[in-house]
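Just so you know, the sequence shown maps onto residues 13 to 693 in the numbering used here.
Calculated directly from the structure, the hints in this document are not laboratory data. Remember, predicted model here, so these are calculated numbers, not experimental data. Among the hints, erroneous ones may be present.
What the hints assert, rightly or not - For lysine-lysine, the following DSS-like pairs were computed, each having C-alpha atoms within a straight-line distance of at most 25 Å:
1) K330 to K577
2) K487 to K173
3) K632 to K467
4) K684 to K330
5) K398 to K632
6) K173 to K330
7) K244 to K331
8) K430 to K244
9) K456 to K330
10) K577 to K331
11) K331 to K684
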Amino acid sequence: MSGIGGAMAMVILAACGADVRTAAAQAAAATTATTAPAAPVAQAAASPEAPRPAQGPASGQAAAPTSLAETMQQTLSANVASPRVFFVPLPHSHNPISPYMPSMPPPLDLNNSPRLMDLTNSGKLYLSLHDAIALAIENNLDLAYFRYNFPIGETDLNRTKAGGAANGINTAIQQSSTQGGFGAASSGSAGTAVGGAAAGAGGIVSSTLGQGAAVPSFDPFLNFNGHADHTKLVEENPFQYGVPVLEQNTIQAQANYTQNFALGTGVQLNYLGQRLANNIPYDTINPALNSYLQVIVTQQLLAGFGLASNERFIHIAKKNMQINELAFRAQVIATVTQVENIYWDLVNAYEDEQVKERSLEFARQTLEDDQKQLQLNAIPALQVMKDESTMAQSEGDLTISRATLRLNELQMKNAITKTDDALIDEMPVIPIDHHGPSNPDAAKSIDELIAEAEKNRPDVAEDALAMEVEVANIKGIRSELLPTLNVYGFYQGAGVAGPKNPTCAQNLTAAECASNVPVGFTGMLGNTFNYSSPEYQFGMNLQINLRNRVAKADQFRAGLEYRQKQITYEEQKKNIRFDVRNSLFALQQAQARVDAAKKASDLAERTFEITREEQKLGAKSSSDTLAAQHDSAIAQSALVAAQIAYEKAKVDMDRATGDTLARMGVSIDDAKAGVATHEQP
């Protein structure tokens with residue numbers, strides 16, 4: 013019953029606006045005062061109860077005034093919207109003008125998921141480890157940023173299908189929302205920055221990836237142009253055209269259609285239509301109607317021939333999308349790992365604050381008892397001064413511990429929310445889990461763990477795909493070495509039409525003015541397409557670079573870059589083996605530290621109990637008891653730190669072997685959608 017009373021005391025104090033950590037300390041003190049001596053950590057840092065829905069007022073009773081905590085929760089509920097599944101479709105429409113209109117993706121969803129409100133009770137956020145991971149899947153901005161890589165990859169694929177070069181996808185791991193605050197190590201800037209010192213123009217080093225023979229556009233192109241022209245020219249020799257001033261009106265229209273294909277084939281259709289009217293009396297027909305139809309087919313036979321050369325950007329874009337899938341898995345692993353570490357840091361700060369509160373409470377109680385003893389002249393005044401010094405030190409330790417807890421709460425909120433909310437910022441976070449799931453990796457052999465890591469870790473598969481891209485690039489770049497040999501076939505049909513010129517018979521004979529061409533557009537078009545005036549042409553165009561140094565350098569560099577990729581792949585496997593060994597050793601050492609810290613804490617607690625009993629018998633002073641209690645508190649804090657280090661070592665072991673998502677029950681489909689729907693273990 014004492015435990016229930018302590019818990020109720022904590023809830024009542026919190027509802028009245030008291031600090032949640034003070035309420036927890038007083039509840040723990042009330043429980044400790046009426047029960048057996050507290051165990052070092054397991055009992056002292058018992059998990060707080062999960063939130064329960066508040067009960068409404070009884071029938072006929074006046075409703076209690078709304079507390080500050082309830083007001084915060086109601087405001088938070090109003091600000092939380094239903095989560096939307098992340099989906100960005102590529103623009104597609106049957107509207108013929110749609111390809112020429114700009115398109116924008118849907119607006120950002122910056123609302124925190126309802127799960128955040130469901131875990132809130134009486135102005136506090138009760139958080140288990142799996143709840144923290146689920147909230148990160150739904151709200152973490154690093155994951156939200158990375159999800160846009162999927163539609164970016166689709167746009168890149170569409171671009172390459174049209175003959176464009178692959179722009180690539182930025183698959184760098186993002187950890188902006190899961191970094192530590194002040195006091196955290198600045199190891200994030202310890203990477204090797206080589207961009208500024210690179211031996212390229214302006215510090216930029218380009219790659220041969222994607223180089224080779226020029227890839228034509230696979231989109232069809234339709235081109236129209238036309239004009240109407242009026243010309244008036246004074247003739248130096250009037251007998252040349254039969255008029256002193258030549259007047260001519262020209263209307264011309266031209267259409268061109270071009271289409272290229274992946275085999276290196278090109279098709280071009282050209283049409284030219286013309287109407288020419290003038291005042292020349294000698295022309296047989298006026299106005300004259302002319303049209304020309306050309307069909308040209310070209311085929312590359314050496315450089316630029318075949319699918320390997322002309323579809324290389326498509327293959328690169330597809331491989332990039334596969335690499336992006338693996339990189340997203342790596343991003344989820346990195347985010348979940350960081351959230352786990354932040355959670356265990358929060359548990360550490362929370363439990364350490366409980367230890368400091370119990371130490372302060374004991375120091376306060378000792379001071380009050382010694383002050384009563386001083387009034388009875390039973391102890392010297394120096395003893396009270398020592399008690400006051402100990403209490404001041406305990407108050408300082410508690411202040412530092414509360415500041416650390418506050419920092420870790422903010423870091424957790426930053427990792428599991430989309431937007432900064434003043435209400436959430438002021439809300440205490442109560443960690444429910446104080447021990448993580450079991451990890452059987454410590455019992456496995458090194459060979460088993462390495463094989464598991466090489467199978468599960470996405471970075472291994474990423475490097476394998478990168479090597480496949482380099483192999484395909486070597487094949488595609490060989491085409492650039494070859495001379496350019498282009499064969500073509502040409503066909504042209506022509507049509508002429510026009511009415512007879514009435515002035516021709518006045519100046520020339522009937523035979524000279526005779527014409528058998530059609531008089532209208534229909535006849536002109538008929539002659540253009542009826543094979544009555546054909547023209548054929550077949551030919552070839554050969555272009556040879558007699559030294560070919562640029563292409564040869566690019567081709568050989570592609571081979572060198574492939575060798576570098578092979579070294580990177582082997583180095584990655586070597587690093588994985590080292591990483592697994594290092595994580596396993598760290599896990600074993602962390603377990604040993606927990607065992608040692610547990611023994612030290614038990615001994616310190618036992619020493620404190622013996623000293624307190626001896627003080628009651630008069631064999632020890634209150635100073636001795638305070639010192640023993642201080643040593644016990646230090647041992648308990650050391651045990652908490654060792655247990656948290658062990659939990660974080662298990663987290664790192666999961667990361668090293670690639671088991672993070674499976675161990676924590678995280679679904680990649682949920683991570684892509686941004687909504688955690690799968691049941692976690």
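Right, here's what the structure says about each hint:
1. K330 to K577: Answer holds: K330 to K577 is near 19 Å, not above 25 Å.
2. K487 to K173: Measuring from Cα to Cα gives roughly 19 Å; hence the hint holds.
3. K632 to K467: violated, 62 Å
4. K684 to K330: Holds - the C-alpha atoms of K330 and K684 are around 19 Å apart, at most 25 Å.
5. K398 to K632: The given pair, whose Cα atoms are some 15 Å apart, holds under the 25 Å limit.
6. K173 to K330: holds, 11 Å
7. K244 to K331: The given pair, whose Cα atoms are some 63 Å apart, is violated under the 25 Å limit.
8. K430 to K244: violated, 73 Å
9. K456 to K330: Judged against 25 Å, a Cα distance of about 37 Å means the pair is violated.
10. K577 to K331: holds, 15 Å
11. K331 to K684: Status holds; Cα separation ~19 Å.
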